[in-house]
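Engineer: Following the working numbering from start to finish, the first sequence increments by one per residue and tops out at 275.
In short, the hints are calculated from the structure, not lab data.
For each residue, glycine too, the CB sits at the ideal point set by N, CA and C.
Any given hint might turn out to be false.
[Claimed, not checked] Simulated DEER-style distance windows between Cβ atoms: (1) R85 <-> T17: 27 to 35 angstroms; (2) V156 <-> Q15: 39 to 47 angstroms; (3) P110 <-> G42: 28 to 36 angstroms.
[Stated by the list, open to error] Under the rule of at most 20 angstroms between Cα atoms (straight-line distance), these lysine to any residue pairs were calculated in the SDA-like manner: (4) K131 <-> K91; (5) K91 <-> L41; (6) K131 <-> K200; (7) K91 <-> I32; (8) K200 <-> R154; (9) K131 <-> P144.
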Amino acid sequence: MPELPEVETVCRGLRGFLPQQTLAWVTVRRRDLRVPIPLDFEQRLLGRTVLRVERRAKYILWYLDSDDVVLVHLGMSGRLFGYRHGDPKRPQAAAKHDHVWLRTDDDTLICFCDPRRFGLFTVCHSSQLASHPLLKDLGIEPLSPELQPQYLRDHLATRRVPVKVALLNQAVVVGIGNIYASEILHRARTSPERSASELTTAQLKALCQAIPAILRQAIEAGGSTLRDYVQADGELGSFQNLFAVYDREGQDCQRRGCPGTITRIVQAARATYFCPRCQH
DNA sequence: CGTACACCCTGGCCGC
DNA sequence: TGCGGCCAGGGTGTAC
């Protein structure tokens, strides 16, 4: 479900609820997520104040006043909601897949719901963050100045996979998932089937422009809502209305003047959409 | 080291 | 209406 734009949107939403709030109640309804919720989780969060909320790759980080950091990953189907005191939409009881419920001392309710349980909700000490197994091999942030043609050239030189598959590799550039990989390659007029190691200089440059351009545009739209993703305040994302290729098999290419038709192929067991006419 | 593939889990949709 | 098969925005462990 959530790629960088969705995670960033959820993060921004949480910043309206959490910072400077103290966690007054923590309920874990099931611990067996992709990474089991540690047994001391509740004790480490209770009574702590959230100083700030940050994003790294597709992870949401809550920095606590105890020097612990809460790590949340939404996996494919995870959602994080905040409800203020008196919010009419605020649930009375946990729903089937609500795994974690938290209340702050101003009576805001934070619900973590994840039907498929590919997500995770855990805590680690800030001194261990950089070396944490989940974070230590992550590549550069796609919205940072580190994203340069030379960086991509260096890191893709030995990759014999198609460029679409390489874009999904979080050890190179983080945050790009299956939807935005297709959208980025269309914007960069690059075929998803091209070998990552054989991209031209022009294509590397085009990717370095398309990656942040697509992701920023998607963040601005509040992410994409396909089936179940919603923002932390319950609002829907709208970038799905701006898809140029994703889930548009058989439809006309959106590029001005391009007479092509969007094609669906499968790469690394995942759907890829592109226009064979204008992507080379 | 890099790559391919199975697998984790639930739910929605489609065709029969 | 029911059921099997397939699909889904992510990531890991294993074998080669």
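Engineer: A separate judgement is required for each hint: does it hold in the structure or not?
Structural biologist: Cross-check of the supplied hints:
Judged by the Cβ atoms, the range 27 to 35 angstroms given for R85 and T17 is violated: they are separated by roughly 19 angstroms. Separated by about 45 angstroms at the C-beta atoms, V156 and Q15 satisfy the suggested range of 39 to 47 angstroms. At about 30 angstroms, the beta-carbon gap between P110 and G42 stays in the expected band of 28 to 36 angstroms. With a CA separation close to 33 angstroms, the supplied pair K131 and K91 exceeds the 20 angstroms bound.
About 24 angstroms separates the Cα atoms of K91 and L41, which puts this hinted pair outside 20 angstroms; it is violated. A hinted pair counts as satisfied when its Cα atoms are at most 20 angstroms apart, and K131 with K200 does not qualify at roughly 27 angstroms. Between K91 and I32 the CA atoms are separated by roughly 18 angstroms; this keeps the pair inside 20 angstroms, and the hint holds. This hinted pair checks out: K200 and R154 have alpha carbons roughly 18 angstroms apart, not beyond 20 angstroms.
A threshold of 20 angstroms between alpha carbons decides the hint, and for K131 with P144 the separation of about 23 angstroms lies outside it, so the pair is violated.
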